[in-house]
Each structure stands twice: as C-alpha cells, then as structure tokens.
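Asker: Listed below are the residues making up each chain.
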Amino acid sequence: RKEVEQDPGPFNVPEGATVAFNCTYSNSASQSFFWYRQDCRKEPKLLMSVYSSGNEDGRFTAQLNRASQYISLLIRDSKLSDSATYLCVVNGASGNTGKLIFGQGTTLQVKP
Amino acid sequence: DAMVIQNPRYQVTQFGKPVTLSCSQTLNHNVMYWYQQKSSQAPKLLFHYYDKDFNNEADTPDNFQSRRPNTSFCFLDIRSPGLGDAAMYLCATSYPQSATDTQYFGPGTRLTVL
Chain A
180 RKEVEQDPGP FNVPEGATVA FNCTYSNSAS QSFFWYRQDC RKEPKLLMSV
230 YSSGNEDGRF TAQLNRASQY ISLLIRDSKL SDSATYLCVV NGASGNTGKL
280 IFGQGTTLQV KP
Chain B
199 DAMVIQNPRY QVTQFGKPVT LSCSQTLNHN VMYWYQQKSS QAPKLLFHYY
249 DKDFNNEADT PDNFQSRRPN TSFCFLDIRS PGLGDAAMYL CATSYPQSAT
299 DTQYFGPGTR LTVL
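Line by line, the protein sequences give chains A and B.
Residues in the first sequence are numbered from 180 upward in steps of one, following this note's numbering.
Residues in the second sequence are numbered from 199 upward in steps of one, following this note's numbering.
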C-alpha cells in the first residue's frame, strides 16, 4: 500500500464548478499535511497547509480527518487557471520530520 | 527575488558522462533536499542534508551523490547517467524548527540523457 494515495483523475470540470479531491495516508504518526500545486513542467508550489480544524483560503478549503487518515481539498467556483496537478503531501509519514511523502497527484482540467 | 535557485534549468548529457546539478538558496534554511521526478509521477526523495548531516534514501542508486559545501549551496552529482535517469531534478529547502515546516522548491533542472 502506498503511504499517500490519491485518485489520479483527470477531473474534467466546467468553469464555475465545485470539485473535491481526496487523499488517504497510511501512517497514523504523520505530523503535518499539505496540498501542493504543480503546473505542467514546473516545480511544486505550496497551495496550503492542512490543519485538523480545517482551513480556508479564498475558494480553497482543506480538511484533515486524523481518525480516518483522510485529507481533502475543495475548490469552489473553478477557474481556467486552476488547471494543474494537485499533490497531497504528508510530512513525517515515516516518523522522520522533514521528509515529505508525495501522493501521485490528481490532475484537474477546468474547461470553458 | 528567487529563493531557491537551480542551475542549469535544462541539462543535456551523454550516456555515461558525469553531470553536476546545482542548487542555491537565500532562505538560510538548514535542510536541503534533492528529488527526482519522472513524467506523470510524484517527486521521489533521493537524499537530504540536515545542516552537514547527509541522509541517503535506502533506494537511491549509488550513481547519485551529493555535496553541500556550505549552507547556501548543494550539488547533485550523477556519476554515470543512464537513459533511465532522464527526469526533472528538484531541489527544496526547509526550516524544520518553524511552525509549518514547509518545503520550498526550486524551479528544477530538466535532465536529458542522449
């Protein structure tokens, strides 16, 4: 079983749609959680950290459920510019703070 | 205002010809990482330095080596590149003592092996 699992998609949605991505992680000792965005042939960039209390940044909402070892990202009112690969990332998944474990990413295509 | 800089952005080498990729940072972070990312795959950690302490991943081939002469610079040496080593190589930095422990990535070096 992979340490961090995501549905690779692709998710094809129209502009304005709401889309949700899910991610599960295997190690209950994992300490911190992130969503990164990666555009084609570019480096990953931090989209947002994920906290147990949930956090929101504009159209983006991230949730963490430690009991279920589940992380989600909700994008509301999708824009064309949201098209990218979204990487679920877990830190400390192997008990080693500082080591990031990446999911394989979920590809989003927002269409006009 | 780039914080993590990688040079070159594109590197072409011949099969078996050693190549060195460079990473520098202006963040004064004490941890630096090298990742390999192949097409449609997640970044895969090769190794990292925590200050001067080198930490190799168990499945990183011996063909890959690294040097960190000072806080700001870190190098990835590929001693004998094979066709399977063609990938994007990403450098990242972090400051684990911070509250968020975020990693910051450089733009990557895309390596082509002929």
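In case anyone wonders, no lab produced these hints; they're calculated from the structure.
For every residue, glycine included, the Cβ atom is placed at its ideal position computed from N, Cα and C.
Any given hint could turn out to be false.
[Said to hold, decoys possible] Result set (BS3-like, lysine-lysine): computed pairs, CA atoms no more than 30 Å apart in a straight line:
(1) Lys242/B to Lys181/A
(2) Lys250/B to Lys258/A
(3) Lys221/A to Lys215/B
(4) Lys250/B to Lys224/A
(5) Lys250/B to Lys221/A
[To be verified] Simulated restraints, written as ranges between beta carbons of each label pair:
(6) Ala199/A to Gln212/B: 24 to 30 Å
(7) Tyr248/B to Glu182/A: 45 to 51 Å
(8) Leu312/B to Arg245/A: 44 to 50 Å
(9) Cys219/A to Asp257/B: 25 to 31 Å
(10) Ser237/B to Ala246/A: 33 to 39 Å
(11) Arg238/A to Gln212/B: 24 to 30 Å
Asker: Confirm or reject each hint.
Answerer: Here is how each hint holds up against the structure:
In summary, the hint linking Lys242/B to Lys181/A is supported, as the alpha carbons are separated by about 13 Å, within the 30 Å threshold. For a cut-off of 30 Å, the pair hint linking Lys250/B to Lys258/A is broken: about 44 Å separates their Cα positions. At roughly 26 Å between alpha-carbon atoms, Lys221/A and Lys215/B fall within 30 Å of each other, so this suggested pair holds. With a C-alpha separation of about 26 Å, the suggested pairing of Lys250/B with Lys224/A holds against the 30 Å cut-off.
Taking the CA atoms of Lys250/B and Lys221/A, the gap is near 28 Å; set against the 30 Å cutoff, the hint holds. Range check, Ala199/A to Gln212/B: about 46 Å between beta-carbon atoms, so the 24 to 30 Å window is missed. Restraint check, Tyr248/B to Glu182/A: a C-beta distance of roughly 21 Å breaks the suggested window 45 to 51 Å. At roughly 48 Å, the beta-carbon separation of Leu312/B and Arg245/A lies within the given 44 to 50 Å, and the hint holds.
Between Cys219/A and Asp257/B the Cβ separation comes to about 27 Å, which falls inside the hinted range of 25 to 31 Å. The supplied range of 33 to 39 Å is met by Ser237/B and Ala246/A, whose beta-carbon atoms lie about 36 Å from each other. Between Arg238/A and Gln212/B the CB atoms are about 47 Å apart, so this pair departs from the stated range of 24 to 30 Å.
Hint check: violations occur at hints 2, 6, 7, 11; the rest are consistent with the structure.
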